Structure formats: C-alpha cells, structure tokens
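**Student:** Place chain B on chain A using the hints.
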Amino acid sequence: MPYHCVVCIKQVPDTSNVTVDAMKEDGTVNRAALPAVFNPDDLHALEAAVALRDQYDGTVTALTMGPLGAAEALRECLYRGANRAILINDRRAAGSDTLATSYILSQAIRKIGQYDLVFCGRQAIDGDTAQVGPQLAEKLGIPQVTYFERFVEVSDRTVRVRRNVGNGWEILEAKLPLLITALDTANEPRPSAARRMMQYKRARTVAEVERDVAASLPDAGAEERDIAQANVIEKLKRRGLLIEQWGIDEIDADLQWCGVAGSPTKVHRVQSIVLTKEGFKGIEPTEEGVRGLIQELIVDHTLD
Amino acid sequence: MIEPNRQGEVWVFAEQEDESLSDVSLELCSKARELADRLKVPMAAVLAGWNVRELSYRLIAHGADTVYHIHDTRLEHYRTLPYARVVCRLVEKHKPQVVLYGATPLGRDLAPRVASEMRAGLTADCTDLEIGDYLERKSRTEHKNLLLQIRPAFGGNIIATIINYDRWPQMATVREGVMRLGEGDPRRKGTIVDEKAEFSDVDLAVRLIERHREKRKVNLKSARTIVAGGAGVGSKEEFQLIHDLAGAVGGAVGASRGAVDGGFISKDHQVGQTGTTVRPALYIACGISGAVQHRAGMEESAKIIAINWDREAPIFSVAHYGIVGELQKVIPLMIRAIKEK
Numbered sequence: 012m013p014y015h016c017v018v019c020i021k022q023v024p025d026t027s028n029v030t031v032d033a034m035k036e037d038g039t040v041n042r043a044a045l046p047a048v049f050n051p052d053d054l055h056a057l058e059a060a061v062a063l064r065d066q067y068d069g070t071v072t073a074l075t076m077g078p079l080g081a082a083e084a085l086r087e088c089l090y091r092g093a094n095r096a097i098l099i100n101d102r103r104a105a106g107s108d109t110l111a112t113s114y115i116l117s118q119a120i121r122k123i124g125q126y127d128l129v130f131c132g133r134q135a136i137d138g139d140t141a142q143v144g145p146q147l148a149e150k151l152g153i154p155q156v157t158y159f160e161r162f163v164e165v166s167d168r169t170v171r172v173r174r175n176v177g178n179g180w181e182i183l184e185a186k187l188p189l190l191i192t193a194l195d196t197a198n199e200p201r202p203s204a205a206r207r208m209m210q211y212k213r214a215r216t217v218a219e220v221e222r223d224v225a226a227s228l229p230d231a232g233a234e235e236r237d238i239a240q241a242n243v244i245e246k247l248k249r250r251g252l253l254i255e256q257w258g259i260d261e262i263d264a265d266l267q268w269c270g271v272a273g274s275p276t277k278v279h280r281v282q283s284i285v286l287t288k289e290g291f292k293g294i295e296p297t298e299e300g301v302r303g304l305i306q307e308l309i310v311d312h313t314l315d
Numbered sequence: 050m051i052e053p054n055r056q057g058e059v060w061v062f063a064e065q066e067d068e069s070l071s072d073v074s075l076e077l078c079s080k081a082r083e084l085a086d087r088l089k090v091p092m093a094a095v096l097a098g099w100n101v102r103e104l105s106y107r108l109i110a111h112g113a114d115t116v117y118h119i120h121d122t123r124l125e126h127y128r129t130l131p132y133a134r135v136v137c138r139l140v141e142k143h144k145p146q147v148v149l150y151g152a153t154p155l156g157r158d159l160a161p162r163v164a165s166e167m168r169a170g171l172t173a174d175c176t177d178l179e180i181g182d183y184l185e186r187k188s189r190t191e192h193k194n195l196l197l198q199i200r201p202a203f204g205g206n207i208i209a210t211i212i213n214y215d216r217w218p219q220m221a222t223v224r225e226g227v228m229r230l231g232e233g234d235p236r237r238k239g240t241i242v243d244e245k246a247e248f249s250d251v252d253l254a255v256r257l258i259e260r261h262r263e264k265r266k267v268n269l270k271s272a273r274t275i276v277a278g279g280a281g282v283g284s285k286e287e288f289q290l291i292h293d294l295a296g297a298v299g300g301a302v303g304a305s306r307g308a309v310d311g312g313f314i315s316k317d318h319q320v321g322q323t324g325t326t327v328r329p330a331l332y333i334a335c336g337i338s339g340a341v342q343h344r345a346g347m348e349e350s351a352k353i354i355a356i357n358w359d360r361e362a363p364i365f366s367v368a369h370y371g372i373v374g375e376l377q378k379v380i381p382l383m384i385r386a387i388k389e390k
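Sequences listed follow chains A and B, in order.
Numbers 12 to 315, taken from our numbering, label the letters of the first sequence in order.
Numbers 50 to 390, taken from our numbering, label the letters of the second sequence in order.
Hints listed in this document are in silico derivations from the structure and should not be mistaken for laboratory results.
Here the structure is a predicted model, which means the values were calculated and not measured.
It cannot be assumed that every hint is accurate.
[As the list claims (entries may be wrong)] Restricting the straight-line Cα-Cα distance to at most 27 Å, the calculated cross-link-like pairs of lysine-lysine (BS3-like) are:
| id | chain 1 | residue 1 | chain 2 | residue 2 |
| --- | --- | --- | --- | --- |
| 1 | A | Lys277 | A | Lys186 |
| 2 | B | Lys378 | B | Lys388 |
| 3 | B | Lys245 | B | Lys285 |
| 4 | B | Lys187 | A | Lys277 |
| 5 | A | Lys212 | A | Lys248 |
| 6 | A | Lys292 | B | Lys388 |
| 7 | A | Lys292 | B | Lys378 |
| 8 | B | Lys285 | B | Lys316 |
| 9 | B | Lys285 | B | Lys388 |
| 10 | A | Lys277 | B | Lys378 |
| 11 | B | Lys388 | A | Lys277 |
| 12 | A | Lys277 | B | Lys285 |
| 13 | B | Lys144 | B | Lys285 |
| 14 | A | Lys292 | B | Lys390 |
| 15 | B | Lys144 | A | Lys277 |
[Said to hold, decoys possible] Covered, in the sense of this in silico footprint (three residues per stretch, anywhere, with C-beta under 8 Å from a C-beta of chain A), are these stretches of chain B:
| id | segment |
| --- | --- |
| 16 | 95-106 |
| 17 | 209-219 |
| 18 | 247-257 |
Yeah, the Cβ is synthetic: ideal placement off N, Cα and C, and Gly gets one too.
Excised from the complex, chain B in its bound form:
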C-alpha cells in the first residue's frame, strides 16, 4: 500500500488485446480526465504489451497527460502474474492516488491480484465515480476529495458508495459501457514514458498454451444501456420503436430469440444463452416474455426495466421496474420523458 498522496495522478490501466485497445479503457480515460481535473492533478494511463506503443496516442487523445508504456515480448498476451508485477512496480514508483480498470474478465482477474499485493482497497464493478468528502465519525476526521466508488450490490437491490481513505491507491473496476466514450482529440499533447519490466521465474511460471478469440459485429458487451425487443414487438416494422428508444437513451439494440426467429432483427443482436451475455447499467426489455435462456444472458444487468402487456410474464421476476402496458404507448412516453429531462 501507499500513503494517501494528494499530488498523486489518476491512472487508467489500458487494456489491449491483439494490439487493439478495449473501448472501456478509452471510456475510463474520459472519466479519469474529469476526476483528475477536479483534483487538479495529471492523468496517466498504463499501457503494457508488445509492439503497442502506437496505442499511446489514442490514450492521449482521450485525455491522458502521460502514458507509462512497457514494451516486452513476455507481455504480448495477458497473463496475470507478469501484468500484476508491472502494475505493482509502477504504482510503487509513481504513487498514483487512483487506479481504474475495466470490469472485464481481464480487469477482474488483474485488479484483485494487484490490490492484494499492494494491500490496498478495490471496489468491483462500479457504475459511477465521483469525487467527494467523507467524515469519519469515530475520530471526527474529515477526508476531503476521496474517490466515491458507486456500485450496485446485493443482487442489484442496493446502490452502495464505497470509499478508501487510508490505504491507497484508491482502486476500482468499472463496468464496460457505463462511462461515455468520447470522440478523442488527436491534437492533444501528452508524454510517453518508456518503463522497464523485470520478472522472476515465478512470475512467468504459468504458460499460455492455446488461445482463441471470437469477433462480434454488434458490440452489446460494452453498451451502457441496451434496449431489447422480443416476439411481443410484433413485426419488423414495429421493431423500429426499439431502435428509436435505443437512439434516445444512447444505447445498443438487443433482441430475444423470439425476435430473431421472427425475422425482426439479425442474430448478432441476440442476448441470452445462445447469444451474447450482457451486463449493462440498464437493460430495457420490451415485449420479451423472459424465457430462462434469455434471462441467463441479461439478469446481471445493474437495472432492468421490463415492459410487457402480460403482467404474468417471467421477465418481471428479474426486473427492477415493471410497466404493464402496450409498447406502442409506453415507448413513445419514455422517449418524450428522456428528451425532456
């Protein structure tokens, strides 16, 4: 752990795979930029890999003042221990006050390993981050400008704000798609600092034997909000309502198997056991009855709104909010309410 360090930078762990940055890393850069401005400190990204130096410019365009770049053949593909070693050594050296990771399978593997070695706090799966103060009741000590780590907990039944005021850095993983992905400004200037990695035999003991990745055309995984339609939408023409609502909330379009089988939309959009498993901040299920195969693919969403004319539809059993009504009536009301806000 490091001592609270008010001059410390705000960091983002830049996740890359096959020389391509994950969207969540860029989303985090925008958010980290905002937090750093609020704290009046620089914002930096940690970029580890092999032949990925070029990606630094995108991180800078999205808000980084500095990119700590580590070029090492042993970092070509992610493995827990070498990556944890790199992050821990950099944290010890530069003492950032905040380190953010995407709550991706990779981020959720790496961040706890780093937190344990640093004996620092870590909050999983945040859906929002703010800067705020905290009054410690026992000692009447006021801690100013802490990272407020906001996340759903307890099966989505509560929203908790977590803080860490003494054992820094303050670290969090953040859900994909919840922070806005900015355009990036290619004219922004930043510095690339080349760092060295040193590994012990123990760090390198786990070997990657084989790896396989699938490409997805529709990026449901990283959407903050998903508006999904089911068989209950009725027709391909009526499915335009789903596109309209998704447009209004700035979300992606999803579908149940019923809608795909009905020819309302392509299979790339299918959510569920045979489609994509998603966990956005908000999932709006429209005319989806909620078969177990569909629910398995979306029930980890932080908030679920179900709209269905059938009040007995199983989708209501996983929903946080339910609207019993006709889509043709409810969706235009929602679009209007969102535009007004």
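Okay, chain A solo, but in the shape it has when bound:
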C-alpha cells in the first residue's frame, strides 16, 4: 500500500565551521554571516521517507519553517526525491522555541491532511535539543519512535522499527500514523539526482516569484507586476514547480501559541565563547596560560 510521508527539515547556520569571518568585533558569533546548510540529521530523515516511498509507493512532502531563504533547502529536498515542498514563513512565527515550533508544524501537517508517517531528524545542529520531533508527535496526537535506525517490517498499517538507545537497541511495533526521528546512522542519503536538479532548479516560492518579477520589470506599475506574477505562479503550479508558501493564517494557527508569545522558554543571557582566527582559542603552554584557562573553565561552569 502507498505511504504518505511528511518530512520536517531545517536550514541551519553551519555551526561546525565557525570561522573568523563569522565573528563580530566583540568575539561573539554573527549568525547571519554563517553559511546556511541543510541540517545533517534531516537528510537521513528525508532518505528514510524517500526510500519507503520508492519501495511501497506514496508521496513525500518536505516541510520547513524558516526565512524565505529556506526555499533553497526545499529545492534540495526536491532534488533528492521529495514530491512536494512547503515553506512556512511568517514574521509572527519568529522567536518560536521548540514548543511553539512544534505547534506551528503540527498545524501545517493538519492542513496537509492525509499522512501516514512524519519523519524528522534527531536534532538540529544549531540547538541540539532533539525536542521538536517528540513535541510534534504529541501535538499531532500520534506515537513517536525516536533514534530510528531502520524498518524491520512494514505491513499495511503496522510497522516494526529498530531504534538505537545508545547502550543497546530495541524493536518497537506501532500502528500508523507514526512520527519517527532519524539518526545519522540510519542510512546513506542519496545525492541530488541530476535529472531532478534539471527539473526542479526552477521551483520557486511565491516570494521568490515576486522578487524575480520585480527584478525583471523594474519600471512596471503595480497592476502590471501583479498580472505578471499571477502568470508565473500559474505556470509554475501547472508544471509542479511551485513551492507552496504558507503563513500563520493559512494554517489556522492560534497566535497565542506561536512565536515569542507561544514560547515558555526565554533566553535570559548569552555568554559567547570568544573564538580566534582558527576557530578556537589558543592557550600558551605556560603557567599563566594554563592558569587562565582553568580559571575560564571555572567561570563558565565547566569545572567546579
């Protein structure tokens, strides 16, 4: 039987390569200067969904919440086998913690409607919380299997899944719908397919269409631009190249659970770790150097 899969992905700043270019004068990290990358674990979530669909038929819908630039990550999902891509973009969603994020994603999935499996990466490298998956499962009212390694058995509406719990493994049996969070050891993500890249490189969100049209018709009046935009959007839609773009209103989300208002956790204070040129702090192999290091570790609670 066919399985309809939703894969939640995230575009993240590349925290693994914080270089001097990304540092502000005061030694803090300038997030905006970091290259945006596809969150590594999410590639494995996508692969798990695409492989399941290829074997049993069905669909894979890639879903992300983020800035307009996250459309790039959605195109990558299309290159790697997704059938459909949806961007949730709304200023009122900014500042969402994991709870608010999972609520917004759950509303988007409700709007998608029919689904059998939701896949997420285990965690994102900008926060490392691993919370959105389980929280999304709860919001959807479905069970979760975290730390997914592989399907042991897929039969009709029941799946058996092997999960890795660090000091061992277990096999769980669950009825669909089910949410899965994938480990990076789950599979080997397929590369982007050249044929699909040719096909989907012109996939656009509405915001991107607006930008492109404004650039190509700089002197046009508002009405002319609107008509041109509507034409392009119609054409993209027909060819399956429109990356859908939804806001809070489209997914019928209650504002009290979105963004800063919907987020119980607040950042009280941030201490930056001062990085130098090579991305780390060099310590002199002298008595003063070492003593300063130990002091620093005590101040930031690493040593007690």
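**Tutor:** Same frame as chain A, now just chain B:
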C-alpha cells in the same frame, strides 16, 4: 501547564532500567536537593516501573524527601506514552515548580513529550542549574527565584541561560556526569507515596517486541570530564600522566584507538566510532591527533581542550581551546593550576 507555584516541590524523574537506577538520576537528586534547600521547599523523585520500590531508598539517601512510586507491570520497560502519562498526571496533581530529567536517550525522548502535553517550557542538555532572579524588561516585572537553565548552544560556541517564568513547571534535561554524584546518606528519612497509573488503549498502542542492552565496564558515558590520551602520549609509563590529570579534575580516563593499539590502556576506555560515543562537559584530548573516527565519538562534548605538540593536528579543528606543547610539560602545569584554584 500549571501556574507558577512557589510552594511547589523540586522533582527529579528517576530513570531506571532493569531495576537499576541511572547514575544521572542520583546526580540530579543531589542537585535538586541543593535547589530545593535554596527555595525552602521539599524535593521529590518520581519512580515508575515494576518491582522497583526498593530503589526509593537510594533516592531518599541521595536527597529526596518524597518518592512518588508507581508500580505497574505495564511500566516494566520504558515506552514513551505510558511513562509520559504517569509524569503528566503526577505533575497535574502535585504541581512541582521544577522537574529535572537526565539528558539520556530515554530522558530526551520522554521530557519533550511531557513538556508538549503540559504546554510547559523545557531546556535541553543543561550543564548547570542555578536559582536566580529575572527582570522582564517590557512589563518591568521582577521574577524572583527562577531556575536558571545553563547550556551550551550553537555548536558549543555560546553558553545560554534559559528561563521560564510563566508556564510551569520549569523543566530541563541535564547532561550525564555534569552534576556531582554524592555518596548518599543511608540514614536519611523520606516518605514513599504509592501512586496509581491509568492508561488508555492509545497509551499502550506501541509494543516492545525485542530489546538488547550492552554492559560497559568503564563508565565513560556518565563522566562529567574525560581526560583522553592518544598515540602521542608515547608509552604505557607516560600514560600515567593521563591518569594523574583525570584524578586532579575528578574525571574518567579515555583513549584513542592509537593508545589502545599501542597497549597503553585497555579497549574499554576507547572513545570514537568503534569505542564509546561521549558528550561530557569537558573533554581533554592529550596527544590525540584527532582522526575522524575519534572526533565522531567526542565532538559533541560541551568543551574540548586539545593538547598536542603538532599545531596542524586535526583535533584542533573541533577543539575550543588548543595548547600547542609537550604533554610532559603542559599536564603538570594543569594539575598544579587545578589544585591551586
């Protein structure tokens, strides 16, 4: 969610598997005891399972005033939904102000599920917890005695302090090994409160078909600090330096494959893809060049110090602090600085 409740207890979710408590649960009891004393409220543990009532006494010895104990055959092995049901119902009933979980695979599966159902805040992977005040700028409201949840974020490039002042309980998962594991006092007195669990069919729908656990002799997983030596240490005799530094910081001894292959130490200590994956608060890599297989097993450590004579060693690419120098010189300096502090 529950309203802020200043009389609420400080709770620890007591993680047990096969009738044995995880170290992190006991570490959290000591920390929770400290926080509860500061807040002048009782400290309690939630212990769910089947035939695990005996474990209550260890929780009491480590600081619990009360143990909420749930004995149910359906809780014999951990499954997300029944355990989440138990914790949510107890939170609604007793309204604790703080709930702490170990940031173990189990804790990181359970806590977000509970937080979502309670619509409460949750901070992942804390490395420290304190009590402190917070001034909300917009409304000029001062929130006193909040749980300050301190954690590395952004790939370890920043340390963030997170708070939750309105949608309680204040919840956090805490890394294994970062809080001190106390001795416990077997003479401490506490109360065991037996609670009942009720489950719907939906709660029990996921079935555990098969499970397998490995036993490890050297407990690297729960160490707050790991001092690891590599091939660059040179010999088994020189490896004593690694043991000495580990002794000074109260940490565990780790090793790279190079050190194990060189016969400096047993394989139980090996960190990396073929050894143990660790994420302590502090990882000190001594004479480890940092092959990708080793880095994969330790790069999630909150802080990494690399000591190596070779300034080009790849280990420096994941380190937060690097010392280019000879171990024989640098390690004694570190030991002295730690003893002085």
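**Student:** All hints are to be evaluated individually against the structure, with a verdict given for each.
**Tutor:** Hint by hint, here is what the structure shows:
1. A:Lys277 <-> A:Lys186: Status violated; Cα separation ~36 Å.
2. B:Lys378 <-> B:Lys388: At roughly 16 Å apart (the allowed maximum being 27 Å), Lys388 of chain B and Lys378 of chain B satisfy the hint.
3. B:Lys245 <-> B:Lys285: violated (55 Å)
4. B:Lys187 <-> A:Lys277: holds (13 Å)
5. A:Lys212 <-> A:Lys248: With Cα atoms ~14 Å apart, Lys212 of chain A and Lys248 of chain A stay inside 27 Å; holds.
6. A:Lys292 <-> B:Lys388: Measuring from Cα to Cα gives roughly 23 Å; hence the hint holds.
7. A:Lys292 <-> B:Lys378: holds (19 Å)
8. B:Lys285 <-> B:Lys316: With Cα atoms ~14 Å apart, Lys285 of chain B and Lys316 of chain B stay inside 27 Å; holds.
9. B:Lys285 <-> B:Lys388: Holds: Lys285 of chain B and Lys388 of chain B sit about 25 Å apart, inside 27 Å.
10. A:Lys277 <-> B:Lys378: At roughly 44 Å apart (the allowed maximum being 27 Å), Lys378 of chain B and Lys277 of chain A break the hint.
11. B:Lys388 <-> A:Lys277: This hinted pair is violated, its Cα atoms lying about 37 Å apart.
12. A:Lys277 <-> B:Lys285: Violated, at roughly 49 Å.
13. B:Lys144 <-> B:Lys285: It is violated: about 55 Å lies between the C-alpha atoms, which goes past 27 Å.
14. A:Lys292 <-> B:Lys390: Within the cut-off at roughly 21 Å; holds.
15. B:Lys144 <-> A:Lys277: Status holds; Cα separation ~21 Å.
16. 95-106: violated (count 0)
17. 209-219: holds (count 8)
18. 247-257: Holds, because 4 residues of the segment 247-257 of chain B bring their Cβ atoms closer than 8 Å to Cβ atoms of chain A.
Hint compliance for this structure: hints 1, 3, 10, 11, 12, 13, 16 are broken, all remaining hints hold.
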